[in-house]
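Using the sequences plus the hints, can you model the full thing?
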Amino acid sequence: MRIALFEPEIAGNVGAVLRLGACLGAAVDLIEPMGFEWEDRRVRRTAMDYIDHVVVARHAGFDAFRATIGSQRLVLFTTKSARSAFDFSFLPDDILLFGKESAGVPTVVADACDARVRIPMRPAVRSMNLASSAALALGEALRQTAMLPD
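Under full-length UniProt numbering, the first residue of the sequence shown carries the number 1, and numbering increases by one thereafter.
The set of hints was computed from the structure by calculation and includes no laboratory data. Some hints could be false.
Quick list of the computed label-pair ranges, beta carbon to beta carbon [claimed, not checked]:
no., residue 1, residue 2, range
1, Ala67, Phe36, 23 to 33 Å
2, Ala64, Gly35, 23 to 33 Å
3, Ile69, Gly35, 35 to 45 Å
4, Asp87, Trp38, 14 to 24 Å
5, Ala124, Pro92, 34 to 44 Å
6, Asn129, Val55, 37 to 47 Å
7, Val56, Ser102, 20 to 30 Å
8, Ala124, Glu37, 30 to 40 Å
9, Arg83, Glu39, 12 to 22 Å
10, Gly139, Val55, 33 to 43 Å
11, Val108, Gly70, 17 to 27 Å
Here the structure is a predicted model, which is why all the values come from computation and not from measurement. For every residue, glycine included, the Cβ atom is placed at its ideal position computed from N, Cα and C.
Here it is as structure tokens:
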């Protein structure tokens with residue numbers, strides 16, 4: 001199971017997702033450009049020493065990322081889907097894709113995904129924080145596939 005972040009804009013969110021990946025055993029793919037420098041101290045401050053326990057791959061763009069995933073299924077988390085992530089059947093080698101904080105993903109990226117799901121939430125709000133969304137999504141995907149760590 002992997003988490004992919006499309007053009008993330010907030011260093012602290014990336015750090016939190018790296019820590020999540022370290023704790024739950026999921027690699028993290030960062031699809032550039034990012035809205036901050038990789039060496040930004042806010043990434044390491046949020047990820048802390050957990051950054052040394054997660055496999056991180058950086059990709060020059062979506063096409064470069066797509067070229068590395070082979071036949072793995074790409075599951076996009078988006079507010080624009082009607083299908084709940086809790087009604088979706090995850091597979092052990094799925095890649096959970098999350099868009100940039102301000103705009104999600106462009107149509108061309110959404111169209112390249114194998115599935116689109118959403119995290120249900122109250123209608124009065126627009127979206128959750130990226131790291132919170134990734135935590136809910138990864139937890140559910142690992143639970144379904146019996147891959148949660150002990």
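Against the structure, the hints:
1. Between Ala67 and Phe36 the beta carbon distance is about 25 Å. The supplied range of 23 to 33 Å therefore holds.
2. In this structure the hint that Ala64 and Gly35 lie 23 to 33 Å apart at CB is violated, the actual value being about 18 Å.
3. Checking the proposed 35 to 45 Å range against Ile69 and Gly35 shows it is violated: the Cβ atoms sit about 23 Å from each other.
4. Taken as a hint, the range 14 to 24 Å is violated for the pair Asp87 and Trp38, whose Cβ atoms sit roughly 36 Å apart.
5. Distance hint check for Ala124 and Pro92: the Cβ-Cβ separation is about 36 Å, which falls inside the suggested range of 34 to 44 Å.
6. Taking the beta carbon of each, Asn129 and Val55 are about 23 Å apart, not inside 37 to 47 Å as hinted.
7. The hinted window of 20 to 30 Å between Val56 and Ser102 holds, with their beta carbons roughly 22 Å apart.
8. At about 36 Å, the CB distance of Ala124 to Glu37 agrees with the hint of 30 to 40 Å.
9. Roughly 38 Å separates the CB atoms of Arg83 and Glu39, a value that falls outside the hinted 12 to 22 Å.
10. Distance hint check: the CB atoms of Gly139 and Val55 are about 19 Å apart, inconsistent with the given range 33 to 43 Å.
11. The beta-carbon spacing between Val108 and Gly70, approximately 20 Å, falls within the hinted interval of 17 to 27 Å.
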